[in-house]
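**Q** Sequence:
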Amino acid sequence: MDECETMGVMSDHTPNRPIKATKTTFEIVDVVADRGTVGVLELAEELDRSKSTIHSHLSTLESLGYLINDEGRYRLSLKWFDHGIRARNERTVFDVATKEIRALAETIDEPVWLYTEDHGRAVVVDAANLDGGDDYKVARVGWRTYLHCTSSGKTILAHLPDETVDEIIARHGLPAETDNTITSRAELERELVTIREQGYATNDEETADGIYALSVPIVLDERVFGAVCISGPAYRLSKPDVQASLLDSLFETVNRIELTYKY
Numbered sequence: 001m002d003e004c005e006t007m008g009v010m011s012d013h014t015p016n017r018p019i020k021a022t023k024t025t026f027e028i029v030d031v032v033a034d035r036g037t038v039g040v041l042e043l044a045e046e047l048d049r050s051k052s053t054i055h056s057h058l059s060t061l062e063s064l065g066y067l068i069n070d071e072g073r074y075r076l077s078l079k080w081f082d083h084g085i086r087a088r089n090e091r092t093v094f095d096v097a098t099k100e101i102r103a104l105a106e107t108i109d110e111p112v113w114l115y116t117e118d119h120g121r122a123v124v125v126d127a128a129n130l131d132g133g134d135d136y137k138v139a140r141v142g143w144r145t146y147l148h149c150t151s152s153g154k155t156i157l158a159h160l161p162d163e164t165v166d167e168i169i170a171r172h173g174l175p176a177e178t179d180n181t182i183t184s185r186a187e188l189e190r191e192l193v194t195i196r197e198q199g200y201a202t203n204d205e206e207t208a209d210g211i212y213a214l215s216v217p218i219v220l221d222e223r224v225f226g227a228v229c230i231s232g233p234a235y236r237l238s239k240p241d242v243q244a245s246l247l248d249s250l251f252e253t254v255n256r257i258e259l260t261y262k263y
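Anchor point for the sequence shown: position 139 equals 139 in full-length UniProt numbering, and the numbering is continuous, going up by one each time.
Worth double-checking, as some hints may not be accurate.
Said to hold, decoys possible - Calculated cross-link-like contacts (lysine to any residue; reagent style SDA-like; alpha-carbon spacing at most 25 Å):
#1 Lys79 <-> Glu110
#2 Lys20 <-> Glu71
#3 Lys239 <-> Arg102
#4 Lys20 <-> Thr60
#5 Lys23 <-> Ser77
#6 Lys23 <-> Trp80
#7 Lys99 <-> Gly210
#8 Lys239 <-> Asp204
#9 Lys99 <-> Arg75
Calculated from the structure, these hints are not laboratory results.
Computed from a predicted model, the values in this text were never measured in an experiment.
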């Protein structure tokens with residue numbers, strides 16, 4: 001196995017001579033991704049650029065196959081999806097994990113997610129058994145959120161160097177998603193210590209009201225590659241006996257992922 005795989009740990013490196021046109025292009029892409037569809041005037045106002053500049057960038061992205069023009073409103077093409085799949089597949093540990101999370105989801109009949117860290121955010125790289133209703137529609141493959149408010153994000157943070165954790169917090173902060181979200185650096189540090197000691201993390205309605213989650217990290221050669229997460233209604237998953245059973249299944253799954261990847 002390739003032992004040189006690394007996570008997408010964020011970097012604050014800024015080029016000495018940033019190219020303004022390139023920066024504008026990706027600012028446009030980010031807005032389109034956030035909005036779903038957007039027009040020239042909206043983008044010009046959002047980014048404080050002229051309509052002619054925005055139109056030139058949009059036309060270029062459309063000609064290259066990265067945007068689709070639907071009667072003057074632009075949306076992302078599936079070319080981005082193709083690049084995302086290629087990026088995911090470069091990490092062979094995820095190939096192993098994908099098979100295991102599907103087996104786990106079938107066994108426990110609960111939604112299961114595979115998370116990683118990318119530029120200081122938690123990202124869903126795969127998921128299984130998401131037919132549980134509206135509660136699970138948001139966390140589809142590709143969904144990005146803060147690390148500090150998810151069980152997977154916290155278990156990843158617990159296994160990153162302190163300086164990396166500090167950089168992530170400096171960049172993204174500790175915003176509250178619910179009343180239960182940890183927003184204090186000191187409180188987060190106490191939780192990270194507990195996570196390292198017990199080997200797993202919980203999410204007690206910290207991302208969304210009514211949702212509870214458990215996560216176990218995937219650690220290879222002392223580097224954290226991601227986490228496997230089980231999530232469901234808080235009234236059920238917060239019960240000690242249910243947690244104990246699900247944690248046993250999580251640890252077994254992650255152990256198989258790590259052993260299969262190594263050998």
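**Q** None of the hints should be skipped; say for each whether it holds.
**A** Consistency of the hints with the structure:
{"no.": "1", "hint": "Lys79 <-> Glu110", "verdict": "violated (31 Å)"}
{"no.": "2", "hint": "Lys20 <-> Glu71", "verdict": "violated (28 Å)"}
{"no.": "3", "hint": "Lys239 <-> Arg102", "verdict": "holds (24 Å)"}
{"no.": "4", "hint": "Lys20 <-> Thr60", "verdict": "holds (15 Å)"}
{"no.": "5", "hint": "Lys23 <-> Ser77", "verdict": "holds (20 Å)"}
{"no.": "6", "hint": "Lys23 <-> Trp80", "verdict": "holds (17 Å)"}
{"no.": "7", "hint": "Lys99 <-> Gly210", "verdict": "violated (28 Å)"}
{"no.": "8", "hint": "Lys239 <-> Asp204", "verdict": "holds (12 Å)"}
{"no.": "9", "hint": "Lys99 <-> Arg75", "verdict": "violated (32 Å)"}
Figure legend: structure checked against the earlier numbered hints; hints not met, in rising order: 1, 2, 7 and 9.
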